[in-house]
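Protein chains: 2
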Amino acid sequence: MDKVTLQNVHNQIKPYIHRTPVLTSQLINDMCNANVFFKCENFQKMGAFKMRGAANAILNLNQEQKSRGVVTHSSGNFAQALSLAAKKIGVKAYIIMPENAPQVKKDAVKTYGGIIIECGSNIQSREDEAHRIAIEKGATFIHPSNDDNVIHGQGTAALELLEDYANLDCIFTPVGGGGLLAGTLLAAKYFSKNCKVIAGEPKEADDAYRSLLSGKIEKNETSNTIADGLRTHLGDRNFPIIKADVEKIVCVEEDEIIHAMKLIWERMKIIIEPSSAVAFAALLKNKGTLINKNVGLIISGGNVDLSNLPFNK
Amino acid sequence: MDKVTLQNVHNQIKPYIHRTPVLTSQLINDMCNANVFFKCENFQKMGAFKMRGAANAILNLNQEQKSRGVVTHSSGNFAQALSLAAKKIGVKAYIIMPENAPQVKKDAVKTYGGIIIECGSNIQSREDEAHRIAIEKGATFIHPSNDDNVIHGQGTAALELLEDYANLDCIFTPVGGGGLLAGTLLAAKYFSKNCKVIAGEPKEADDAYRSLLSGKIEKNETSNTIADGLRTHLGDRNFPIIKADVEKIVCVEEDEIIHAMKLIWERMKIIIEPSSAVAFAALLKNKGTLINKNVGLIISGGNVDLSNLPFNK
Chain F
1 MDKVTLQNVH NQIKPYIHRT PVLTSQLIND MCNANVFFKC ENFQKMGAFK MRGAANAILN
61 LNQEQKSRGV VTHSSGNFAQ ALSLAAKKIG VKAYIIMPEN APQVKKDAVK TYGGIIIECG
121 SNIQSREDEA HRIAIEKGAT FIHPSNDDNV IHGQGTAALE LLEDYANLDC IFTPVGGGGL
181 LAGTLLAAKY FSKNCKVIAG EPKEADDAYR SLLSGKIEKN ETSNTIADGL RTHLGDRNFP
241 IIKADVEKIV CVEEDEIIHA MKLIWERMKI IIEPSSAVAF AALLKNKGTL INKNVGLIIS
301 GGNVDLSNLP FNK
Chain P
1 MDKVTLQNVH NQIKPYIHRT PVLTSQLIND MCNANVFFKC ENFQKMGAFK MRGAANAILN
61 LNQEQKSRGV VTHSSGNFAQ ALSLAAKKIG VKAYIIMPEN APQVKKDAVK TYGGIIIECG
121 SNIQSREDEA HRIAIEKGAT FIHPSNDDNV IHGQGTAALE LLEDYANLDC IFTPVGGGGL
181 LAGTLLAAKY FSKNCKVIAG EPKEADDAYR SLLSGKIEKN ETSNTIADGL RTHLGDRNFP
241 IIKADVEKIV CVEEDEIIHA MKLIWERMKI IIEPSSAVAF AALLKNKGTL INKNVGLIIS
301 GGNVDLSNLP FNK
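Chains F and P, in that order, are what the protein sequence lines are. Numbering-wise, the first sequence is residues 1 to 313 according to the UniProt record's numbering. Numbering-wise, the second sequence is residues 1 to 313 according to the UniProt record's numbering.
Everything labelled a hint here was simulated from the structure, so no lab data went into it. Worth double-checking, as some hints may not be accurate.
For lysine-lysine, the following DSSO-like pairs were computed, each having C-alpha atoms within a straight-line distance of at most 30 Å [claimed, not checked]:
| id | chain 1 | residue 1 | chain 2 | residue 2 |
| --- | --- | --- | --- | --- |
| 1 | P | LYS243 | P | LYS287 |
| 2 | F | LYS106 | F | LYS285 |
| 3 | P | LYS285 | F | LYS110 |
| 4 | F | LYS293 | F | LYS193 |
| 5 | P | LYS262 | F | LYS110 |
| 6 | P | LYS293 | F | LYS14 |
| 7 | F | LYS88 | P | LYS248 |
| 8 | P | LYS87 | F | LYS262 |
| 9 | P | LYS87 | F | LYS293 |
| 10 | F | LYS110 | F | LYS87 |
| 11 | F | LYS262 | P | LYS88 |
| 12 | P | LYS196 | P | LYS137 |
| 13 | P | LYS14 | F | LYS87 |
| 14 | F | LYS106 | P | LYS196 |
| 15 | F | LYS287 | P | LYS196 |
| 16 | F | LYS106 | P | LYS287 |
| 17 | P | LYS262 | P | LYS248 |
| 18 | P | LYS287 | F | LYS88 |
| 19 | F | LYS92 | F | LYS110 |
| 20 | F | LYS196 | F | LYS262 |
| 21 | F | LYS110 | F | LYS88 |
| 22 | P | LYS14 | F | LYS293 |
| 23 | P | LYS88 | P | LYS137 |
| 24 | F | LYS110 | P | LYS287 |
| 25 | P | LYS293 | P | LYS189 |
| 26 | F | LYS66 | F | LYS14 |
| 27 | P | LYS106 | F | LYS287 |
| 28 | F | LYS285 | P | LYS106 |
| 29 | F | LYS287 | P | LYS88 |
| 30 | F | LYS219 | F | LYS193 |
| 31 | P | LYS243 | P | LYS203 |
| 32 | F | LYS137 | F | LYS193 |
Kindly generate the complete structure, drawing on both the sequences and the hints.
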C-alpha cells in the first residue's frame with residue numbers, strides 16, 4: 001500500500017459512494033476547546049462507511065469471480081453494504097445470517113438485493129455455512145473487516161476528511177473488527193503530515209485495547225455493549241497496521257456512550273449509531289489533551305432501531 | 001413589503017443565523033417521483049427557523065426600545081429563539097412561561113439567557129403577565145407569529161431555498177401560528193416565477209384549514225396533536241397573506257405525521273420535530289400531483305424530547 005494506490009482505490013469506488021459532508025458544531029467546539037470536524041458517514045449510502053470497503057472488495061474481483069458472486073457473514077451494516085455494493089456492480093451477494101437475527105435487519109438486506117442464507121446463532125455454524133456457500137456457488141468470501149481491500153476502502157473516509165481539512169492533529173474512530181481503524185491509519189500515514197489516530201472502544205468489548213497491551217490478538221471476554229457494531233475482534237490483516245501506528249485506544253463505559261450519543265442527537269440534530277458515539281465518547285474523555293487542536297472524528301454510521309433507543313430507560 | 005425589503009431583512013439578520021443546508025434523498029425522490037429539496041432549519045441556531053423572525057423583530061427596535069428589552073409568551077421554540085437572538089444583540093428577553101411548563105424547556109430558555117417569568121397555565125394569565133411586564137419594564141411585546149417583522153424574518157428560509165433552487169414548482173411548510181407560512185408566501189411571491197406554497201396542518205389542530213374555508217380566523221376545537229408547535233392559531237397580520245396566496249392546506253392524521261417523521265429519521269439520518277413531519281406528511285399525501293416536479297420543503301426544526309419519542313409506543 002502506498003499513497004497512489006489508496007488514491008486509486010478512492011477513484012475506483014467514487015461512483016458507488018457519496019462524498020459525505022463534514023459538519024461542525026460551535027457548542028461542541030466550545031465544550032471541547034477544540035475544532036472538531038465530524039465526517040458524516042451516517043449520510044453514506046446504506047447509512048455507514050462499510051459501503052466503501054464492500055465496494056472496493058467487489059471491484060477488485062476478476063470477471064470470473066464476479067460472475068460467481070460474493071458471500072459474507074454479518075447481521076449488521078456489512079451485510080447491507082455488501083448487498084448494495086453487489087447490486088450496483090451487478091454481482092450476487094450471499095449473506096449468512098443467524099436465523100434469530102432481527103427481522104428488520106433481514107428486511108434491510110433483502111431491500112438491497114442480498115440473498116439471505118440462514119444459519120445457527122453460533123460462530124461455528126456461521127463459518128460452516130459461509131464455507132459451504134463458497135464451495136457450492138463458487139462465491140468469493142469477503143470478510144467484513146479482516147480483508148485488505150475492505151481495509152483500503154474504509155480508509156477513504158479519512159482520505160476525504162484530510163482532503164477537506166489537511167491540518168488535522170488527530171482523527172478519532174471507533175474500533176470493532178478493526179477495518180475502519182486500520183484504513184484510517186493508512187490514510188493518515190499517506191495523506192497527512194503528522195495526524196495521529198486514536199480509537200474509542202467499549203469497555204465491555206475491549207479486545208483491541210488488550211491486544212495492543214499484549215501484542216497479540218485477544219478475544220472479547222464480554223460483549224455486552226450497546227455498540228453492537230463493535231462486538232467483533234481484530235484480525236491478522238488489520239492488527240499489524242493498528243499495532244504499528246495507532247496513538248492509543250480509549251475504553252469508554254456504556255453510560256459515556258449513551259451520553260455522547262445523546263449530545264450529538266440533541267445538539268447536532270443528526271442520527272448516529274452507538275458505535276459512532278463510542279468514538280465521540282473517547283474524544284470527550286480526552287478533551288484535556290486536545291485544547292486548540294484540529295480534531296477529526298469519523299461518524300461511522302446512523303443505522304439504529306428507533307423502537308429500541310437508550311434514552312428513555 | 002417588496003422584494004428589496006425582504007432582501008434587506010435577510011442581509012440584516014445574516015450575522016445572527018446560519019445559512020442552513022439543503023439536503024436531498026434519492027430514496028425519497030424515488031418514492032415521490034419528484035425532486036424534493038429539504039431546507040434544513042433543524043440545523044438553524046437553537047434548532048428552528050424561529051431564530052430568523054426573532055432576530056429580525058429585535059433588530060427593528062430603536063435604541064430606546066432595545067435598552068428596555070423584549071417580552072413574549074411561549075413555551076416552545078420562539079421562547080428559545082427570542083432569548084438567543086436577544087442575547088446576541090445585547091437585549092434583555094422576558095419569557096412568560098406557564099409554571100407547569102416542562103423543566104427541559106425552562107432550562108433551554110435559561111441556557112440562552114432568557115429571563116423566565118412564570119404564569120398560570122391558561123391564556124388569560126399568560127397575556128396578563130406579558131402585559132404587566134411590558135408596562136413594568138417598558139419591554140416591547142413580540143408575538144411569536146402574528147408580527148410583521150417576525151413574518152418577514154421567517155420568510156428568509158424560503159428566500160435562501162429559492163436562491164439555491166430557483167426553479168421550484170412548489171414549497172411545503174407546516175402551519176401553526178402562520179408566521180412561517182406567511183413569510184414563505186412572501187418569499188415565493190418576490191423570489192420565484194410561479195412557485196406555489198402548500199401548507200401541512202394536523203387534522204387535530206385544523207384552524208388554518210377551516211379559516212381558509214370560512215374566510216375568517218377560526219380557533220382550534222381540538223389541539224391533541226403530537227406536533228406541539230402547531231397548536232396555535234392564525235392572526236390578523238398573517239391570515240390575509242395566507243388567504244390571498246396559499247395554494248392549499250393539507251390536513252394530516254397523527255399516524256401520518258409519525259410515519260413521515262420516522263421515514264426522515266431512518267432514511268435521512270436527521271432529527272426533525274413532529275411539526276416538520278407535518279409538512280412532509282402533506283407532501284406524501286399529495287405526491288400524485290407532484291410527479292417530476294421540483295419540490296421544496298421547509299424542515300422547520302429539530303427540537304424533540306428524546307425521552308418521549310413516538311416510535312416505541
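Structure-based check of all given hints:
Among the hinted pairs, P/LYS243 with P/LYS287 is consistent with the structure: their alpha-carbon atoms are about 23 Å apart, no more than 30 Å. The straight-line distance between the Cα atoms of F/LYS106 and F/LYS285 is roughly 36 Å, outside the 30 Å bound, and the hint therefore fails. For a cut-off of 30 Å, the pair hint linking P/LYS285 to F/LYS110 stands: about 27 Å separates their Cα positions. Only pairs whose Cα atoms come within 30 Å are accepted, and F/LYS293 paired with F/LYS193 is accepted, the gap being roughly 15 Å.
For the suggested pair P/LYS262 and F/LYS110, the alpha carbons sit about 20 Å apart, so the restraint of at most 30 Å is met. For the hint pairing P/LYS293 with F/LYS14, the CA-to-CA distance comes to about 28 Å; that is within 30 Å, so the pair holds. Restraint check for F/LYS88 and P/LYS248: the C-alpha separation of about 40 Å exceeds 30 Å, so the hint is violated. Proximity of P/LYS87 to F/LYS262 is assessed by CA-CA distance (about 26 Å); at most 30 Å being required, the pair is judged to hold.
Distance restraint check for P/LYS87 and F/LYS293: the Cα-Cα separation of roughly 28 Å lies within the 30 Å cut-off, and the hinted pair is therefore satisfied. Only pairs whose Cα atoms come within 30 Å are accepted, and F/LYS110 paired with F/LYS87 is accepted, the gap being roughly 11 Å. Taking the CA atoms of F/LYS262 and P/LYS88, the gap is near 26 Å; set against the 30 Å cutoff, the hint holds. Only pairs whose Cα atoms come within 30 Å are accepted, and P/LYS196 paired with P/LYS137 is rejected, the gap being roughly 43 Å.
For the suggested pair P/LYS14 and F/LYS87, the alpha carbons sit about 45 Å apart, so the restraint of at most 30 Å is broken. A threshold of 30 Å between alpha carbons decides the hint, and for F/LYS106 with P/LYS196 the separation of about 41 Å lies outside it, so the pair is violated. Straight-line distance between C-alpha atoms of F/LYS287 and P/LYS196 comes to about 49 Å, which puts the hinted pair past the 30 Å bound. Between F/LYS106 and P/LYS287 the CA atoms are separated by roughly 29 Å; this keeps the pair inside 30 Å, and the hint holds.
Distance hint between P/LYS262 and P/LYS248 is fulfilled; the C-alpha atoms sit about 25 Å from each other, no more than 30 Å. Between P/LYS287 and F/LYS88, the direct Cα distance comes to roughly 27 Å. Compliance with the 30 Å bound is thereby established for this hinted pair. Of the supplied pair hints, the one linking F/LYS92 and F/LYS110 holds, its CA atoms being roughly 12 Å apart against a limit of 30 Å. Between the alpha carbons of F/LYS196 and F/LYS262 the distance comes to roughly 26 Å, so the proposed pair stays at or under 30 Å and holds.
Simply put, F/LYS110 and F/LYS88 have alpha-carbon atoms about 14 Å apart, close enough for the 30 Å limit, and the pair holds. Taking the CA atoms of P/LYS14 and F/LYS293, the gap is near 28 Å; set against the 30 Å cutoff, the hint holds. Between P/LYS88 and P/LYS137, the direct Cα distance comes to roughly 20 Å. Compliance with the 30 Å bound is thereby established for this hinted pair. Proximity of F/LYS110 to P/LYS287 is assessed by CA-CA distance (about 26 Å); at most 30 Å being required, the pair is judged to hold.
Simply put, P/LYS293 and P/LYS189 have alpha-carbon atoms about 19 Å apart, close enough for the 30 Å limit, and the pair holds. For a cut-off of 30 Å, the pair hint linking F/LYS66 to F/LYS14 stands: about 19 Å separates their Cα positions. For the proposed pair P/LYS106 and F/LYS287, the alpha carbon gap of about 29 Å is at most 30 Å, so the pair holds. At roughly 29 Å between alpha-carbon atoms, F/LYS285 and P/LYS106 fall within 30 Å of each other, so this suggested pair holds.
Only pairs whose Cα atoms come within 30 Å are accepted, and F/LYS287 paired with P/LYS88 is accepted, the gap being roughly 27 Å. In summary, the hint linking F/LYS219 to F/LYS193 is not supported, as the alpha carbons are separated by about 33 Å, beyond the 30 Å threshold. At roughly 19 Å between alpha-carbon atoms, P/LYS243 and P/LYS203 fall within 30 Å of each other, so this suggested pair holds. For the hint linking F/LYS137 to F/LYS193, the alpha-carbon distance of about 46 Å lies beyond 30 Å, and the restraint is violated.
Checked against the numbered hints above, the structure breaks hints 2, 7, 12, 13, 14, 15, 30, 32 and satisfies the rest.
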